[in-house]
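> Spelled out, the chains give:
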Amino acid sequence: NAGVTQTPKFRVLKTGQSMTLQCAQDMNHNSMYWYRQDPGMGLRLIYYSASEGTTDKGEVPNGYNVSRLKKQNFLLGLESAAPSQTSVYFCAISESTARAGANVLTFGAGSRLTVL
Amino acid sequence: GQSLEQPSEVTAVEGAIVQINCTYQTSGFYGLSWYQQHDGGAPTFLSYNALDGLEETGRFSSFLSRSDSYGYLLLQELQMKDSASYFCAATDSWGKLQFGAGTQVVVTP
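Just so you know, the protein sequences line up as chains A and B, in that order.
Mind the numbering: the first sequence is residues 30 to 145 in the working numbering, read in order.
Mind the numbering: the second sequence is residues -4 to 104 in the working numbering, read in order.
In case anyone wonders, no lab produced these hints; they're calculated from the structure.
We put the beta carbon where it would ideally sit given N, CA and C, even for glycine.
Careful, some of the hints might be misleading.
[What the hints assert, rightly or not] Stretch-level coverage of chain A by chain B, calculated; a stretch enters the list once three of its residues show a Cβ under 8 Å from a Cβ in chain B:
1. 92 to 99
2. 136 to 143
[Claimed, not checked] Here are some, though not all, of the chain B residues that point toward chain A, as calculated from beta-carbon distances under 7 Å:
3. 37
4. 38
5. 82
6. 90
7. 95
8. 97
[Said to hold, decoys possible] Some but not every residue of chain B turned toward chain A, in silico, with C-beta under 10 Å:
9. 16
10. 30
11. 35
12. 89
13. 91
The task is simple: from the sequences and hints, build the whole structure.
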């Protein structure tokens, strides 16, 4: 997973606590994404950012917020954690190209979050 | 939005050929990608089809039929290391990907 670093790798929270997942890239890619992965449900897009300073909602944004103040960093926040947010979270990056369809994602190693 | 369907599990022996089908219902469909994920690991890109037809990359091939909203990933000469989950993902015109639920491939000796 060279190029995409996620922190922390593991975290246990109590219901109602807040936290921020951090994603950093050193590949100078424009686009960054946050996905969550739950058993039997594949990867679902939470938020994405096409460029520094811009963010958009994905399929499952409720309960999350994001920040892309610098090109190399994309932060995912949980303001008040709920047990339904127990999941593995993946950050991904892609280099936007003129051929919009050829959008290859490079993923980080993942962050496993448990909310009790 | 888009939805994708693929089988949940496929089992095959070493050396065999496995085909993983993926059907999709989409708006603004642009292309179909395939990703591999080993247990505890991150997904990694395998292939991408924007046009109808077959794309071959070593032992793996991917096919797309836009008129049938259908694609498949073909794994040939299966090896134990191919045991993993495989995801199809549809790309929309904005470049966003939506993933299927994944197919677990189990390779037995």
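> What hint numbers does the structure not satisfy?
Violated hints: 1, 9; rest satisfied.
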